[in-house]
Structures are given as C-alpha cells and as structure tokens.
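Participant: What follows is the residue order along each chain.
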Amino acid sequence: GAVVSQHPSWVICKSGTSVKIECRSLDFQATTMFWYRQFPKQSLMLMATSNEGSKATYEQGVEKDKFLINHASLTLSTLTVTSAHPEDSSFYICSARESQGLAGSPLHFGNGTRLTVT
Amino acid sequence: SQKIEQNSEALNIQEGKTATLTCNYTNYSPAYLQWYRQDPGRGPVFLLLIRENEKEKRKERLKVTFDTTLKQSLFHITASQPADSATYLCALDTYNAGNMLTFGGGTRLMVKP
Numbered sequence: 027g028a029v030v031s032q033h034p035s036w037v038i039c040k041s042g043t044s045v046k047i048e049c050r051s052l053d054f055q056a057t058t059m060f061w062y063r064q065f066p067k068q069s070l071m072l073m074a075t076s077n078e079g080s081k082a083t084y085e086q087g088v089e090k091d092k093f094l095i096n097h098a099s100l101t102l103s104t105l106t107v108t109s110a111h112p113e114d115s116s117f118y119i120c121s122a123r124e125s126q127g128l129a130g131s132p133l134h135f136g137n138g139t140r141l142t143v144t
Numbered sequence: 005s006q007k008i009e010q011n012s013e014a015l016n017i018q019e020g021k022t023a024t025l026t027c028n029y030t031n032y033s034p035a036y037l038q039w040y041r042q043d044p045g046r047g048p049v050f051l052l053l054i055r056e057n058e059k060e061k062r063k064e065r066l067k068v069t070f071d072t073t074l075k076q077s078l079f080h081i082t083a084s085q086p087a088d089s090a091t092y093l094c095a096l097d098t099y100n101a102g103n104m105l106t107f108g109g110g111t112r113l114m115v116k117p
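Respectively, the protein sequence lines represent chains D and C. Start counting the first sequence at 27; every next residue gets the next number (our numbering). Start counting the second sequence at 5; every next residue gets the next number (our numbering).
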C-alpha cells in the first residue's frame, strides 16, 4: 500500500530557531500534499495544501511566512517552522493522495512530528 | 456555518459488543465520506469510504452507513476487541473542496476485555 514517510518523528528546539519537517511519498507520486496540525485531543486542522512546482495554498489564519512549505518534487514536501515559539509546539502531520489527488481517493498520512519549542 | 460533529466523549464498551460511532454534518453536500483510525502519537489510517449514492459499505468487521437526508454517517465495529481501541475520525470530501478532506473532531473508543 501507499506509504508516506515523515521525518523527524519528534524534535525539541529552542525558541527563535527554525525546524524543518520532511514528508515523502515512498511508492507513489503526489502532486498535492497536505499539512495538518493537531492539538491534544483535538481534530486535525488543515494548515496548507502543498502543490508540486507552485506555491502552497494556506488556510485562513495560517501565517505563510512562519510556516514555509516547499514541494520541490513529486515525492517530497517540506514544512519549515521559522522562528519557533512555544505556542508552535504541536503535532504536525502530512498527508498525500494517490491517483493524482482525485476526489474520493483516501489520504495517506505520515506518522506525524511532535514539535516541542522550549 | 459548516460543521462536522462527532461525539467528543469517549465510548466505552465491552469486548465482543458492537461499537457504533456517529458523524453528523451541517451545511455540507459531501460527495464522499471517509472514516479513519488514529492511534495516539500516530497519523490517521484510512479505513472505509462511502459515496453519496451508497447507503452502506462493509469491510470485515466494519460497517458504515451514509444517510444524506439525515446528514449522518454511522460507523459500526462488530465483535469489538481491545485492539480496536483508538480514536475514529470521519472526514467529508466535497466536489468543490479542492481535493481536501475536512475532518470531524473524532471519537475515542475504548474496548474493555
């Protein structure tokens, strides 16, 4: 089955530093990847849609200059949390769809990255 | 406003019983509805998809129903096992959603031996 690999699985960083999270589709191509954020016992909140070869589409309220997304190839999207603050501490999850992102096809998720900013 | 509502309280059942989880939505016209399982500290895993013109879908011990009149989906796990304990998320997929899914808040299921 389709596998999405996310790295790192957890990271601790100091306030003011930047952290990069990678999301790779291992056995399929993904022109579109999605980045979610999840707080404890809450649902997934879509942050942005990452489009291969073009700019990401950010959801309302998500700062694009703070959460930099790069989708340089059909199998790799990265999320960089810039100048991280403690309130950025959260669980970040990426996902991708097979079948060229057709509606109705299931999402395949990475295992998430637990970010802790001290 | 658009809402997807799942029971935020945990559902506790005894092993062997049928678990039934509810997903209600308002102000959506979903083309598809999907159910995912999420274990603590992990990403969600796809379980089942049901289309707007389907009433019921089954997969092994899982059954999903979709009532577009009631704007509700029910997710059933028969002969539940402690290993079924997890959070279950429903997600809506609309024709105009730009290929993105919108998730409900999830319901935590606890199956006790």
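Any given hint could be a false lead.
[Said to hold, decoys possible] Among the chain D residues that face chain C by a calculated CB cut under 10 Å, a handful are:
id, residue
1, I38
2, T75
3, V88
4, G136
5, V143
[Claimed, not checked] FRET-style restraints, in silico, Cβ to Cβ:
id, chain 1, residue 1, chain 2, residue 2, range
6, D, F65, C, S5, 16 to 26 Å
7, D, T57, C, Q6, 20 to 30 Å
8, D, Q68, C, A87, 20 to 30 Å
For the record, the hints were derived by calculation from the structure and aren't laboratory data. For each residue, glycine too, the CB sits at the ideal point set by N, CA and C.
Participant: Against each hint, give a clear statement of whether it holds in the structure.
Facilitator: Structure-based check of each hint:
no.: 1; hint: I38; verdict: 15 Å, violated
no.: 2; hint: T75; verdict: 6 Å, holds
no.: 3; hint: V88; verdict: 13 Å, violated
no.: 4; hint: G136; verdict: 5 Å, holds
no.: 5; hint: V143; verdict: 18 Å, violated
no.: 6; hint: D:F65 with C:S5: 16 to 26 Å; verdict: 20 Å, holds
no.: 7; hint: D:T57 with C:Q6: 20 to 30 Å; verdict: 26 Å, holds
no.: 8; hint: D:Q68 with C:A87: 20 to 30 Å; verdict: 24 Å, holds
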